[in-house]
Amino acid sequence: MADIRLEHIDKVYSGTAKAVDDFNLHIKDKEFIVFVGPSGCGKSTTLRMIAGLEEISGGDFVIDGKRMNDVAPKDRDIAMVFQNYALYPHMNVFDNMAFGLKLRKFPKDEIKQRVDNAARILGLEEYLERKPKALSGGQRQRVAIGRAIVRDAKVFLMDEPLSNLDAKLRVQMRKEIIQLHKRLETTTIYVTHDQTEAMTLATRIVIMKAGLIQQVGTPKEVYDHPDNMFVAGFIGSPSMNFLTGKLAEDGLFHVTGTEEKFEVPEGKMKVLRERGYTSKDLVLGIRPEDIHAELIYQDTKTAHRFPAHIEVSELMGAESYLYSKVGNQAFTARVDSRSHVEMGSDLDLFFDMTKAHFFDAATEATIR
Amino acid sequence: MLQQLTGLFKDHLSTDPAVYSTDKYTVYQLTDGLRFGIENTILTAREVDLLDLLAERVVTSTSDDTVSWRRRLEQTHSEEAEPFRMVHFLFEQLDARTGEDLQQLLRSFFHTPSAVIPLTANRFVVIEREEFVSENDLHDFFTALQSDFLTDGKVLIGQQRKSGDLAVQFRLEQAALRETPLLHIERFLPALTRLTLLSTDVRQELIERFITPLEYESRETIDAFCRANLNVSLTAKHLFLHRNSLQYRLDRLTEQTEIDIRSFEGASFLYTLLRVA
Numbered sequence: 001m002a003d004i005r006l007e008h009i010d011k012v013y014s015g016t017a018k019a020v021d022d023f024n025l026h027i028k029d030k031e032f033i034v035f036v037g038p039s040g041c042g043k044s045t046t047l048r049m050i051a052g053l054e055e056i057s058g059g060d061f062v063i064d065g066k067r068m069n070d071v072a073p074k075d076r077d078i079a080m081v082f083q084n085y086a087l088y089p090h091m092n093v094f095d096n097m098a099f100g101l102k103l104r105k106f107p108k109d110e111i112k113q114r115v116d117n118a119a120r121i122l123g124l125e126e127y128l129e130r131k132p133k134a135l136s137g138g139q140r141q142r143v144a145i146g147r148a149i150v151r152d153a154k155v156f157l158m159d160e161p162l163s164n165l166d167a168k169l170r171v172q173m174r175k176e177i178i179q180l181h182k183r184l185e186t187t188t189i190y191v192t193h194d195q196t197e198a199m200t201l202a203t204r205i206v207i208m209k210a211g212l213i214q215q216v217g218t219p220k221e222v223y224d225h226p227d228n229m230f231v232a233g234f235i236g237s238p239s240m241n242f243l244t245g246k247l248a249e250d251g252l253f254h255v256t257g258t259e260e261k262f263e264v265p266e267g268k269m270k271v272l273r274e275r276g277y278t279s280k281d282l283v284l285g286i287r288p289e290d291i292h293a294e295l296i297y298q299d300t301k302t303a304h305r306f307p308a309h310i311e312v313s314e315l316m317g318a319e320s321y322l323y324s325k326v327g328n329q330a331f332t333a334r335v336d337s338r339s340h341v342e343m344g345s346d347l348d349l350f351f352d353m354t355k356a357h358f359f360d361a362a363t364e365a366t367i368r
Numbered sequence: 001m002l003q004q005l006t007g008l009f010k011d012h013l014s015t016d017p018a019v020y021s022t023d024k025y026t027v028y029q030l031t032d033g034l035r036f037g038i039e040n041t042i043l044t045a046r047e048v049d050l051l052d053l054l055a056e057r058v059v060t061s062t063s064d065d066t067v068s069w070r071r072r073l074e075q076t077h078s079e080e081a082e083p084f085r086m087v088h089f090l091f092e093q094l095d096a097r098t099g100e101d102l103q104q105l106l107r108s109f110f111h112t113p114s115a116v117i118p119l120t121a122n123r124f125v126v127i128e129r130e131e132f133v134s135e136n137d138l139h140d141f142f143t144a145l146q147s148d149f150l151t152d153g154k155v156l157i158g159q160q161r162k163s164g165d166l167a168v169q170f171r172l173e174q175a176a177l178r179e180t181p182l183l184h185i186e187r188f189l190p191a192l193t194r195l196t197l198l199s200t201d202v203r204q205e206l207i208e209r210f211i212t213p214l215e216y217e218s219r220e221t222i223d224a225f226c227r228a229n230l231n232v233s234l235t236a237k238h239l240f241l242h243r244n245s246l247q248y249r250l251d252r253l254t255e256q257t258e259i260d261i262r263s264f265e266g267a268s269f270l271y272t273l274l275r276v277a
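Residue numbers (full-length UniProt numbering), protein chains in the order written: chain R, 1 to 368; chain D, 1 to 277.
You can trust all of the hints, since none of them are fake.
Below, a sample of chain D positions facing chain R; criterion: calculated Cβ distance under 8 Å:
id, residue
1, Q93
2, F109
3, D140
4, A144
5, S147
6, L150
7, T151
8, D152
Sample of chain D residues with no beta-carbon within 10 Å of chain R, all distances over it, derived:
id, residue
9, L2
10, T15
11, T193
Honestly, the hints are just simulated from the structure, not real lab data. Being a predicted model, the structure only gives us computed values, none of them experimental. Ideal Cβ placement from N, Cα and C applies to all residues, glycine included.
Let the hints inform the model, and build the full structure from the sequences given.
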């Protein structure tokens, strides 16, 4: 059981701006929370404050109703997995996993039982006698996770644990971490800058930028209903396309610097008008997969036809990325590979306007 | 602060090593390096907690071997005839029990006959002889240790010497550990290059150790070699020397200083020191 509350948490390094600014989050028992954001956004600092490796400058950090700010790191009942594998080179796998328990003066037979159990869960039974040097990268990372599991801590903290692995192994380990969480149900806080990891692992994602939380939500919520342009652009790959323009009196979205006009579906139009966005600067956001090449869309009322000149095309296998421009504003379409065309060709693309997002050009907030 | 403490503890406090270097005293070190001992009999647990916040507790009661090593480190000069290297550890927030666990872990990691010497409650130096652990292993070890003890700290990997003055080397490396903002694991030379620019005391000691003994020819070689971007042919041309003569000079320089001038770190250290000398 671990119910974690972070209330108005600040981190200030002397003489600099706030590294973490008024961080508020309630993490429920068994949740898998992912902190995601670009480098320097404060995600690792927040994690390190939870672990006790960094002092908390302001606010309250509470686990199960008990304030933990001044509790020594080792007494917080937290286990942490670091980015680099963090194994003792001179100990074998068994001793590496057992060390944290020996430190806490666990009886020998309990240590053995816990290590054996963790080794079974992680498929490491055959390797218990081996030294880290004789293990592959994935196996080492599994031992590092094993070191956290045996502790049976209330909370797992993971700081970019997969970033040292190659792409293929990362996908496999991701799957294993999901299965592990399902089995152990330990409250987990995971830090990454990789939005794919965030989307696939999280029960809820916390997106951060410059020390501030931008949005907290389930992967589907943040993907489908981003609160602002930063979240919209950060989550999703390739990222969301943004076109600046104005909503004219005629009810059409005029793309800046072009004659191009996009028809806005009625529901969205109503919201924009009610919020007073007629004739004001706006940003239209549309995900690459909501721009289609199939001719079937030409009969759809809500799809805007745009005669595109394809500047670059990339065939990815099942799908194809087409790069083009509206005026001088670039966009990417993600289409079925059957619609793949060569570079330099012209093609009608259909923007599914029911899927469009609108943002205030000044505040970058979603208009809803 | 020492004055105020003396006012509080009166005769029970001593700044004389001859008096406090027994197990009847708990010894502390202030940030400026000054040490004092307070009689154990009058210290309450609460006072110990408070003192731990104000100063670093110095570990005193250990084995004979450790005591003799520590004595050597505290001398002005102490020649060591065998090859050695020191690895320095500085941790944050360690209680006494964790300190003991850490010492044990350090002993298990370094090859025998290395000596693990606690300097204060959160500062250790390991003197390696005969066998030296690799930097990669040290890196892994330190990261693993951080995840177990959940404590931050820094490590300085000292210079590997064939022989030399252990005490001077220790002072320089401790200064580098104390005064430069190390990032977890740092090697001796880059830390010392930075320190050369920061601290006048250390600079003087470094100049005396590395530059003063060099004759004009060697200084000229360092200067020319660095200006030619560590290019041997170009340096030889500038100095009107045959390539082999220059190679010989570089070898001699490395032998004299025990710093590899052909490496970027070594060259930049000697060049910086030469510039400020």
